[in-house]
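Visitor: Listed here are the chains, written in short residue letters.
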Amino acid sequence: MTVAYGERTVLDRFTLDVDPGSWTAVIGPNGAGKTTLLRALAGTVDHRGRILIGGDAADDLSGRERARRMAVVPQHPVVPPGLRVFDYVLLGRSPHQGLRFSASDDDRQRTADVLERLHLTPFAHRAVDSLSGGERQRAVVARSLAQDARILALDEPTSFLDLGHQFEVLELLDTLREEHRLTVVSTLHDLSIVGQFADRIAVVDHGRLVAHGTPAEVLVPELIADHWNVDARTKVHADGSVTVAVQRRRPG
Amino acid sequence: MRRRTLHPTERPSGRGQGTTLGAPWLVGGCVAVVAAGLVGVAVGPVSIPLGQVVRELLDHLPLVDVDSTLSATEKAIVWDIRAPRVALGLLVGALLAGSGAAYQGVFRNPLADPYLLGIAAGAGLGATIAIVTESRDAIGFVDPVPFAAFAGALLAVTAAGTLSVRRGSVGSPATLILAGVAVANFFTAIQTFVQQQNSETLQQVFSWILGRLATAGWGEVRLILPYATVCIVGLLLSVGTLDVLAVGDEEATTLGLRPKAARRAILVLASLGAAAAVAVSGLIGFVGLVVPHAVRLTAGTSHRRVLPLSFLFGAAFLVLADVVARTIQSPAELPIGVVTAFVGAPFFLVILRRQLTS
Ligand SMILES: Nc1ncnc2c1ncn2[C@@H]1O[C@H](COP(=O)(O)OP(=O)(O)OP(=O)(O)O)[C@@H](O)[C@H]1O
Ligand SMILES: [Mg+2]
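If you read the protein sequences in the order shown, they are chains W and C. Residue numbering for the first sequence follows our numbering, starting at 1 and increasing by one per position. Residue numbering for the second sequence follows our numbering, starting at 1 and increasing by one per position.
This is chain C alone, in the form it adopts within the complex (with noise of 0.2 Å):
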């Protein structure tokens, strides 16, 4: 059918309405990650002077050239310490963020959170045998943490979303929740008993329980950089179906969509990230919660706007906590959980009072 064409001076303009993404937000939260980023790199023990590193990241691009008269320890300590760290950051900052706006949208509960589905407790029973076997020392070359964590993770995702699932049929909302509450606790009783019996490693696995981000060069970011792009690509070309699930299984149908198969299908997408980021930072709690829910209370609930900015705030968010981590008790570094909750938690309390009193 086509509609009928309205009269040129009649026409309203589709430009402009309720837009999609809101420009002044997406512009804002690209400067948001670019100064959180140059924070990131320009503050430590050594302090280096923001000018600096811009000249000195700028001479990087190719067929620029400026020189950032900067020392060639000063180039080692941007270029092999922080700029890894910061970019880390970037990533799971905005997978947690991301892959936390995704959740909140398929079970439609602004509660639920990346760790949901026993991620968490999964990725935790991974780093904790790993921790405990000493498996670094059997490997040698590569640290066997993220991986362990990250199969973890991924297995208990597995578990509850097909225990969930009954005669082919995908369980509800509910059922996969419940289904990931009972994996969950199954896998924190079996990582509880692995601890005890190793009580020499404690320190080690609280470290990782509370989550960090150090790094050793750049080795990190290239192991979650492809699980990373896979969920932040698909999950922006998922915004549309996101947005039509918020409406209730019923009403997607009449509207073209397979809910139960949609929601499956923007399931793997998050765990996969939430995995990847749990892997190689610890449970860094909060950020998923936090963010998207302070970007819908400033920016709307489509997720057409969400998504990208829960990307984009959670990415610079996450670099300037870890900012804080590390020189608030400098030269020791708080963990970066400990952050995120502390400067999160009144952030978010402020948004939902002013939010009540408008």
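With the rest of the complex left out, here is chain W (with noise of 0.2 Å):
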């Protein structure tokens, strides 16, 4: 798969496979072409080449099938002025609903569950762009699990929030992941959580595959120098995971 916006190529033959039920972390320096890989996945920018969802062509899919196969959360997600947090979780349900004048009980919720597992639920009445980043990042990530999609794409799902949040929402699509056999393709760039989290990892640069494999194939020092220009230690633990530990380069 290629990208290009205009005449400049974002991705460049571009070939990932995602197993179903993996969580496959994208991860790469800023401007390498991740934003670019999940907005080509969602169907939001033109590429050439193929991308196949669950064995069929994306393109042959209507954008409502595909919305209810693979359920996107946005880096910068638009924040509409004064919209009430159920009712923005509300909108993941669109993708299941017809044209209708008001959504269903099983609509309602489904959505009052996302809001309860994401302890969302006393938030359920405040206007979306009153709230916190980081509260706000996870109305975004309720939306998209209100979305009952197989596949979450997920662009920095967590930069907004703090350590303790940022373990529990990951935690959280871990265990939906098991659970639901769900498949979790997320950018995310702290490389120490990657490693925890992640069971493959795609590298990108310059708008180029340059690893993929397991945490403790991708994630040594050397690849880690190359790509980020900083020094690192990598610990690989008995699960297979992975802890990185970032340190100063001192001059001289």
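Hint data in this document are derived by calculation from the structure and do not stem from the laboratory. Ideal Cβ positions, reconstructed from N, Cα and C, are used throughout, including at glycine. Hints are supplied without guarantee of correctness; some may be wrong.
As the list claims (entries may be wrong) - Lysine to any residue pairs mimicking SDA-like chemistry, simulated, CA-CA at most 20 Å apart:
hint : chain 1 : residue 1 : chain 2 : residue 2
1    : C       : LYS260    : W       : ARG64
2    : W       : LYS235    : W       : ILE193
3    : C       : LYS260    : W       : GLY63
4    : C       : LYS260    : W       : VAL45
5    : C       : LYS75     : C       : ASN109
6    : C       : LYS260    : W       : GLU65
7    : C       : LYS260    : W       : LYS235
8    : C       : LYS260    : W       : ASP60
9    : C       : LYS260    : W       : ASN30
10   : C       : LYS260    : W       : GLY43
11   : C       : LYS260    : W       : VAL78
12   : C       : LYS260    : W       : ASP59
13   : C       : LYS260    : C       : ALA179
14   : C       : LYS260    : W       : LEU99
15   : C       : LYS260    : W       : SER62
16   : C       : LYS260    : W       : LEU61
To be verified - Computed far set for chain W versus chain C, every beta-carbon distance over 10 Å:
hint : residue
17   : ALA4
18   : ASP19
19   : ARG136
20   : GLN147
21   : ARG208
22   : GLU217
23   : HIS237
24   : GLY240
Hey, can you piece these two chains together into the complex? The hints should help.
Guide: Quick look at the structure:
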């Protein structure tokens, strides 16, 4: 698959397989093309080449069907002024709704369930644009969960969250993934967190896939130095997860 | 995928959670419509007590038989003069406010109004041509002004829509608005030209432009009822879509919507309603702006609430404005557009201020 914005090729002959039920983290430095990759997956940017979702060519799926299969959390979500959290999360149900005046009881029930799981129930009546950055991000994740899709594509879902909420949201996604065999594709900046949650890591730099494999295979000091230009120590744990500690480069 | 079924005791209730409509508001809207309607029928040069109005209306319901003790003249006033005018006011008010809410949602701009995209200018041109050519005499039995205004309005909207489309793809909201501005200027130029050529009908043209709810029996109501029904039902079915459009085209796409097609469909519905409203009432300003805005400030911005409440409160507001218009200088009538602006603007400011201080 190749994606270009006008003259500029941002993803160059990119090929990536994502196993159903896996958590694939897409990592890479700023401007590498991670968001572009997720946008191509979501069908919001023109691309050349093929995208298969569960064996079907994505271009052949209707927009609604695609939205029922894949939910997207954008890096910079648009927050409609004044919309209440409940109504915002209810938007996730729209690929399942026809043209109708009021949402079905089932849709409202599912929305309420998701709010409960993300501890957003106390905020249900607040306007989304009155929430803090982290609360808002949880609302966006809640909307994607309400979509009930098998595939979740998340672009920096934790960038505004404090450490505790980062782990909480990622643990929740991991639990849901296991319970429902969801496939998660997410970009994440924190390499240490990536090493603990992802079971597959794809490294993107300058629009190309430069490494793809398990955390232990990919997160090695040389690769991190090559693409991020920092020194790091990595520790592989018995369960295959990897923690990364980045060190300051001392001059001299 | 099925979500894990929560244990019954921990199952939170979906009902009452930021409910789609907010039942108290809906009830309030219906009460406002009924109250405004009764006042509209009761008040006038010949005042008829409210109780008798209620009785007289009830009497006309199937299976109800009460005697209103109204004289034959009073019955005629109620049924042939006031009721049609109130019905027209309800419809026009609902259409203006509802289409305003839809325009604002589609363009994601709270200042968009139902006369955007050249509707006002197109209707103005159509009406002016009909008035100056005195085609009433030519046709004889029906008033050609509303038809001409309706045709002009639809022509202008279609022109704006077509001009903003390039190579089969629907243009962005900004392109559409710019095309609307260009079309409106063009139509207004022609309208002014026609009007200046025929200065003897100037007064008539101006009175049409300022808007009025004058009726002759049920003709106008019957004329716009089909368009009103299509517009109201269609927009009420689009409330979910309008909410999705609020998150922008890219996210709307990931939620399974085709934003451009959806926007276009909603614009067609709203424009049909707005064009029908101007066709019979001229240009009544401010309703399409103030009512949806007041609704959003008090009841939240989900279109599941904004649209139904705009229809209801728009209807009530316009009928009450009409009562003021025809009583304040009685027996003379003030143009209703003057009243909507005069009443609407301060009301709007009060709500805005309250919002700012809270
Ligand atoms: N609409 C666009 N038009 C032109 N260039 C774009 C557009 N969107 C992104 N780009 C460019 O494409 C490249 C990849 O962008 P992308 O958003 O995919 O990066 P990213 O890997 O998500 O970066 P970050 O980590 O900062 O989010 C960048 O150089 C960016 O400037
Ligand atoms: Mg990005």
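Visitor: Does each hint fit the structure? Answer for all of them.
Guide: How the hints compare with the structure:
1. C:LYS260 / W:ARG64: Roughly 15 Å between the alpha carbons, so the hint for LYS260 (chain C) and ARG64 (chain W) holds.
2. W:LYS235 / W:ILE193: 13 Å, holds
3. C:LYS260 / W:GLY63: This hinted pair holds, its Cα atoms lying about 13 Å apart.
4. C:LYS260 / W:VAL45: Cα-Cα ~15 Å, so holds.
5. C:LYS75 / C:ASN109: 46 Å, violated
6. C:LYS260 / W:GLU65: 18 Å, holds
7. C:LYS260 / W:LYS235: Given that 20 Å is the threshold and the Cα spacing comes to 50 Å, the pair is violated.
8. C:LYS260 / W:ASP60: 19 Å, holds
9. C:LYS260 / W:ASN30: 31 Å, violated
10. C:LYS260 / W:GLY43: 15 Å, holds
11. C:LYS260 / W:VAL78: The given pair, whose Cα atoms are some 17 Å apart, holds under the 20 Å limit.
12. C:LYS260 / W:ASP59: 18 Å, holds
13. C:LYS260 / C:ALA179: 16 Å, holds
14. C:LYS260 / W:LEU99: It holds: about 16 Å lies between the C-alpha atoms, which stays within 20 Å.
15. C:LYS260 / W:SER62: 15 Å, holds
16. C:LYS260 / W:LEU61: Holds. LYS260 (chain C) to LEU61 (chain W) sits at ~18 Å (cutoff 20 Å).
17. ALA4: At roughly 17 Å from the nearest Cβ of chain C, ALA4 (chain W) sits farther out than 10 Å, so the non-interface label holds.
18. ASP19: 17 Å, holds
19. ARG136: Fine: 13 Å to the nearest Cβ keeps ARG136 (chain W) off the interface.
20. GLN147: Label violated. Min Cβ-Cβ 7 Å, cutoff 10 Å.
21. ARG208: Answer for ARG208 (chain W): holds, closest chain C Cβ roughly 25 Å.
22. GLU217: 30 Å, holds
23. HIS237: Holds, since 28 Å exceeds 10 Å.
24. GLY240: Correct as stated: the minimum Cβ-Cβ distance to chain C is 26 Å, above 10 Å.
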